Amino acid sequence: MSILEVKNLCKSYKGFDLNNVSFDIPEGTIMGLIGENGAGKSTIINIITNAVHKDSGTVKLFGVDLENCGPDIWNSIAVVQADCGFPEELTIKNAESVLKGIYKNWDSGKFESYINKLGLDFKKKIKSLSTGMKMKLELAIALSHSAKLLILDEATNGLDFMARNEILDILMDFIQDESCGVLLASHIIEDMERICDYITFIHNGNVVFSENKDDLLDKYAVINIDENKLSELDDKAVVYTDKTQYSSKALVYRNQIPSGFETEKTTIQDIMYFYMKGGK
Amino acid sequence: MLGLMKKEFFTMKNYIITAGVIMIVLIMAMKGSGAAEIGMFSGYVMAYISIFMITMIAFDEKNKWDRYSSPMPVTKKQQVLCKYIMQLLSIIILTALFVVLCAVNGKSALYIKEVTVIPVAISIIISSIVLMLSYKFGVNKARMIFVGMIFLIVFALKMCGLTDEAYFITGNSNMFYIISIIVAFAIYIASFCLSVHFHSNKDF
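Chains as they are written, first to last, in the numbering used here: chain A, 1 to 280; chain B, 1 to 204.
It is possible that some hints are incorrect.
[As the list claims (entries may be wrong)] Simulated pairs of lysine to aspartate or glutamate, EDC-like, Cα-Cα distance not exceeding 20 Å:
#, chain 1, residue 1, chain 2, residue 2
1, A, K229, A, D242
2, A, K60, A, E27
3, B, K64, A, E88
4, B, K76, A, D72
5, B, K202, A, D55
6, A, K134, B, E61
Derived from the structure by calculation, the hints contain no laboratory data. Values in this document were obtained by computation on a predicted structure and should not be read as measured data.
Modelling step: build the complete structure from the supplied sequences, incorporating the hints.
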């Protein structure tokens with residue numbers, strides 16, 4: 001069963017359209033939502049999290065239409081965003097007291113252990129926390145009410161390498177329970193490559209692809225060749241090219257490249273770069 | 001719902017304490033003053049309380065609480081209801097404190113009624129308007145619209161010659177007080193329904 005199913009999702013703003021976005025997150029997997037700034041990642045997440053109304057399309061959480069989701073469904077969802085929504089005058093202890101009254105499955109013991117593990121202090125006011133600490137607090141909150149779907153919107157932005165790794169490790173632990181799923185939106189592609197099972201690439205409000213990460217990396221390859229040799233390749237084999245005065249690079253379908261051509265292992269970042277740059 | 005109320009409480013407790021202290025100090029300082037002065041003062045305090053929740057909504061806007069709380073297991077209606085309940089509770093708590101202080105100062109029940117009921121009704125009506133405007137237009141626009149409205153009302157009263165404060169404080173019947181409170185609550189409930197509608201249709 002899919003934990004999250006998004007089908008033909010559309011939303012229009014002045015100067016921006018989200019067009020027929022579709023993807024789904026199977027149980028026990030991490031889906032990475034990638035795309036440049038302003039591609040539409042946050043709009044998709046805001047629609048899924050009920051903060052923005054969609055124009056058309058369907059969103060199903062645990063098989064239930066978004067419009068029909070009741071407290072049981074929302075109790076199973078946790079969202080980590082770039083902004084910590086709590087009033088800054090509150091202490092972490094106050095915030096816990098608030099959340100205890102909101103989530104029916106709130107686990108104080110679990111929260112305390114995350115607070116200690118992440119080096120936070122219950123007595124500290126939210127306004128005194130650094131960006132990284134706020135993010136850790138949000139993560140501790142997200143993991144303390146038995147959520148089954150964890151949604152992170154640019155949650156690792158602005159964090160140093162160590163803090164990012166700490167958060168990614170926690171996500172890997174979370175997904176060990178195979179009834180859980182994660183939707184991770186970020187433009188830090190290396191994080192995505194490290195932990196995601198599926199990648200959905202959004203460009204200018206459209207889904208370019210939504211596929212299994214390993215399949216994607218198997219499907220594409222990058223070749224460095226001069227223009228003459230490039231013309232020897234079947235047009236169908238070349239996805240996009242990037243030509244400079246001195247060299248040419250191409251993103252190609254690995255299985256359509258004749259033997260004799262030397263291919264490089266591709267990365268999600270390469271694939272994204274070629275698709276965004278476009279042009280053959 | 002309980003969690004939401006706690007959040008409002010933690011955020012606004014310093015404001016309520018400040019309002020309470022100001023009230024105690026000023027009432028003590030005004031010991032021996034006439035009904036008109038105390039009535040005017042209670043009106044001033046009620047106006048201060050009336051904008052409590054607009055301050056809370058401003059905090060929510062600043063911290064993007066509405067977006068943060070959208071995926072929580074609370075409905076938009078509960079979120080609005082919480083603000084309306086907390087606003088009413090602040091009015092009740094500070095009115096009770098005002099009544100106790102007046103009684104401690106030896107004021108009669110009739111006197112207390114005269115200087116309390118109308119300011120409370122006005123406070124409830126002001127709250128209804130500012131909350132509804134805040135949910136519709138956001139706090140910044142709501143503040144400007146509200147200030148403009150107050151200016152127009154004062155101007156209209158001045159034009160009609162109804163600015164003598166004694167007119168409001170003395171000589172009103174019990175029925176007038178009861179009707180004032182009923183009308184104030186009716187406006188409050190209507191404002192709540194509109195605010196739920198505005199809040200539910202908003203994108204954050």
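Item checked: Earlier hints that do not hold, by number -> none
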